[in-house]
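Based on the provided sequences and hints, a complete structural model is requested.
There are 4 protein chains.
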Amino acid sequence: MTDPIKKGFASDNNSGVHPNVLKAFSEVNKGHTVAYGDDPYTEIAVNKFKELLGDVEVFFVFNGTSANVLSIKAATNSFNAVICAGSAHINVDECGAPEKFCGCKLLSVETDDGKLTVEKIKKHMHGFGFEHHSQPKVISITQCTELGTIYSVSEIKNIAEYAHMHDMILHMDGARISNAAAYLNVSLKEMITETGVDILSFGGTKNGMMFGEAVIFFKKELAENFKYIRKQSMQLFSKMRFISAQFNAIFENDLYLKSAKHANEMAKILAERVRDIKEVKLTQKVESNCVFAIIPEKYIQELQEHFSFYVWNHETSEVRWVTSFDTTIEDIDRFCNLLIKVLE
Amino acid sequence: MTDPIKKGFASDNNSGVHPNVLKAFSEVNKGHTVAYGDDPYTEIAVNKFKELLGDVEVFFVFNGTSANVLSIKAATNSFNAVICAGSAHINVDECGAPEKFCGCKLLSVETDDGKLTVEKIKKHMHGFGFEHHSQPKVISITQCTELGTIYSVSEIKNIAEYAHMHDMILHMDGARISNAAAYLNVSLKEMITETGVDILSFGGTKNGMMFGEAVIFFKKELAENFKYIRKQSMQLFSKMRFISAQFNAIFENDLYLKSAKHANEMAKILAERVRDIKEVKLTQKVESNCVFAIIPEKYIQELQEHFSFYVWNHETSEVRWVTSFDTTIEDIDRFCNLLIKVLE
Amino acid sequence: MTDPIKKGFASDNNSGVHPNVLKAFSEVNKGHTVAYGDDPYTEIAVNKFKELLGDVEVFFVFNGTSANVLSIKAATNSFNAVICAGSAHINVDECGAPEKFCGCKLLSVETDDGKLTVEKIKKHMHGFGFEHHSQPKVISITQCTELGTIYSVSEIKNIAEYAHMHDMILHMDGARISNAAAYLNVSLKEMITETGVDILSFGGTKNGMMFGEAVIFFKKELAENFKYIRKQSMQLFSKMRFISAQFNAIFENDLYLKSAKHANEMAKILAERVRDIKEVKLTQKVESNCVFAIIPEKYIQELQEHFSFYVWNHETSEVRWVTSFDTTIEDIDRFCNLLIKVLE
Amino acid sequence: MTDPIKKGFASDNNSGVHPNVLKAFSEVNKGHTVAYGDDPYTEIAVNKFKELLGDVEVFFVFNGTSANVLSIKAATNSFNAVICAGSAHINVDECGAPEKFCGCKLLSVETDDGKLTVEKIKKHMHGFGFEHHSQPKVISITQCTELGTIYSVSEIKNIAEYAHMHDMILHMDGARISNAAAYLNVSLKEMITETGVDILSFGGTKNGMMFGEAVIFFKKELAENFKYIRKQSMQLFSKMRFISAQFNAIFENDLYLKSAKHANEMAKILAERVRDIKEVKLTQKVESNCVFAIIPEKYIQELQEHFSFYVWNHETSEVRWVTSFDTTIEDIDRFCNLLIKVLE
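Residue numbers (numbering that gives the first Met the number 0), protein chains in the order written: chain G, 0 to 343; chain V, 0 to 343; chain Y, 0 to 343; chain E, 0 to 343.
Pairs involving identical chains hold if they fit within one copy or between any two copies, as the list cannot separate such chains.
List of simulated lysine to any residue pairs, SDA-like, C-alpha gap at most 20 Å: (1) Lys119 <-> Thr315; (2) Lys267 <-> Lys280; (3) Lys29 <-> His261; (4) Lys218 <-> Glu160.
Since the hints were made in silico from the structure, they are not lab data. Bear in mind that the values here come from a model prediction, so they are computed numbers and not experimental data.
Here is the structure:
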């Protein structure tokens, strides 16, 4: 049995739940409300999303996998294809859920930093109108990417324009969207609404919530049948107020931004500290709450005995360290001390 | 906006969460744990299920829809059929999720009381080996049924024997399984394990949990690939400890049974009280926490202005009143007084 | 090994191919043509369909199962439901293909004669807008029905009007559409185009063709993406000219009508002859090329040793006798003599 | 309208049907036979396959797309992945049919010559047992490849051994399998049965048949439920004798081999002739009936006005010329003369 008190750098979903979220549960746990979302707490949460993002349609689902897959389902027919980075969560971490539930083909592009560009997307932009070929319909980008990097506002804009020029939909997997907002220091509206994103998976779980993500439609006609899609995909939560309350908690006083800023800052400090360790080679820019590094393979096991983290690439001995809203400077200290002790 | 304090009789998922469940959240919200279920709280919960049900495989999912659909997926190939009551939740309340995700056909049987019998099942037991015909593979029963009725131990046994004689799987939708255990006054083992149920959807949400259901495999070979099915169906919870903690909370001191007994008792009292109201005609035996009654159509709206409940059948003006772990005798009093005032 | 020369009454797809169809193969088997339908023979066939049916979109597929399933796929999203007769081929004879490929739920209605009516359809017309409920979108009728009966023009019109009033699509499974046209003695336009059918599966295989059916869209916007649906469903024929040539052959000099009239006539004679046999009880009106009758169970095996036919309902000992374009009066004679000999 | 007499080099499915195939139609077009495959002609065809390939299970389907997709469906659950070459027909030419019907993920590998190797396959051989990752289960190779190249017997053996070592299934897309047998000059048994192929799509349409392919199971337990899969996937042919008769025709006196040898020979001659044309650069070994060449983009249109063929890669101006059982030396002469005239 692992020690439940221990904090590590495995993932921001290994962390617990922000205390404000737990408090919010208690506050809404009064009497009965209509199930499935027609309750006052959900109304507040949806309105908050509209305040942050503009004239959007908002639907809550249980987790990030479903936020992404249902977004794609809403924008596609089964003969369509989705263009994404090879490292995209929908491509490598959903056990084929997009293919199974949407019937679509995923067309992936290899990248060094997890970021699509128009140039890279073009590889798959052919076969339109040719019935033998899955018809590209969605471009899906991840903000922050799985490699911790972040699209600039203009990079998103470029891809959105390209997508729309080809009558395609731009989906953003925002499992760590708050970390991106914190890093870019722009409003959600500037980063998402105004760049031309059509559908957003807005993540809560990796930023201090217990569970719950939002599917946000900027192109509102895509939401027309979404309530049926959500139900048929087994993602309609009966006691909906308890997702809504969590969003309300993290939006209060911009907690979502503060938590993300904190996690980013912790990652930055961690990166600064390890940069000078001889045996550590950082492999990606540290823009969010993820640090990627190559370390000698022989030390990994000993380190993992004290702090949990994932090996990202066994062949290159690349590891990933993820910070969280609850990572403390003491956690960083302890981990860096261990790194120095073991590696030097 | 509805008044969130108000309690009604619409559904046991309109109720809130048992205080012990919220307390359990706080207790496990310490440090980091491995995500996706390899944590100590989940180990405890799984062991508790084994204690209650025997040598089983246990998997947690978000909600009842998925517990049922994934159970079926584990037991079928796409060319199979599932035999169920016409009133079964999988047949009328999942927006076609079983068909979509499993590819299977549902073969329903009309019943008066929501209960399948071997005699009724036989209607669909043909076409075996005939490739034009979806091959029956699963019989799915609901305990308690959607009409609040409860299968006796021997009724379940009969169906299980019949299923196994035909190389079929018996699935039990146990969204309200605790209410059945409370009513029958037998152990879960006697009601489920020893009758021959092969897969059980064990419900938590309708009995004081916030979210989370368990898929329990008695026929363990059916669980072999279930972890992939759960992930691909978008039902793998990252912060799993927070479902496990809820089960641990409701299992502590048999809270799950106490809550269910209480809800049953409230329904019984409600039924007793309304039985004598001239304009009310009970339509089903009241064995669990549901009361079905026909009342004059013209009074329904006025009643619903004070207490929420569903019209079950608009043609016959049949309504459903559901009690919950948090229904109080005062709620019953108030509601009955209103009924008397309006109807008499 | 069965004797391949023998003719029976099992099904109109046990028959062979009309000689004109084989001749047509030879005629188009010259040189190379563009594959997948962009060839001159297909152009002629499509134009013939337009001449017969008006301003329609026409797509060829391999068989009747796919004509029906792809019609439904074109008109639905996965959360939709299809209303059909309990005896409909899509409901009982496709091994769940509609559910698997479309993800939809089939809502069936029991009938005595295989025919839907508005009254019967109404049973399933509820739950619109309610996300828990598969949304009814298609009404599918079979002309001729699986029981050999035939909708009148006004019966079709009634259902079409009702469907359109509810923003639904009327699909007609026309596996034996030519037999219906022959019986009703109206043009295809009067029976189909002008009654309001939206999508038609036009059958060829049961009427002297080797293989090949047409999906015909009267509501042309439903055809917009059909070429992708056809390909993804594995129904795009490479050497398309060889389906087209068959349609051209059966349309030449109204062979399709003549063949159907002949088969109908043979069934009528058969029915007349057996009507007076004491032990035979006809169970359906004989309007097309199918005769349904109850005969004593004990004689069935002996009869089948000489003429193949299916037992339709083992419980009631009801059998089905189907005539075909190649059934001769001598076949009828021989069969009736046998019936008389065995049964009397 | 294109001239139907003209022969070109677009594809072996632009060709017509071998005269022996048409003759076979006439021969079996006598009387009635049982539909769906329980007829004597099918028995003969299946036995011939057993003679050629050993103790196998044999199922006929309409076309190559379905032979491949159904093979995969028989070997996988929806959470599995299929490893194939980037150029594989299942990856680029089925409009996503494998994803839609099997729910699986396709993991493709880029190759220069269309051929997988163990080394290339390894890229995708990870994540076993990890529920977030589609589980690799099938390796699919194409013989001859889409680039006209051919695996040697030992190359197939190597991949089969590797597949089986990892408890995976080796599928061979044999749309042009006869061309490979002709080239390698080995028996089908040596090339397929004895190398360890588990499932084969045996192609007929590209080798003189009108329609019809066979799915052959060497690992017979995979065939257990295939009849239901075939029906549910809309690929069960009612008048089955007319596929069987075609196979019987091409197996008679090894016509399948003779046709393939002829096509190969024509391609070889074509390649020899064009090799010396200055502006033509062959890009692949010419081992089967396909010739790939880069020619100046500006000449393509003029050439296509006289002979149909496809541009394989618009960026590099690479074209594909395919010969067929009915290509004559005069066709080659005419085409080469044109090439010389236009290009030099």
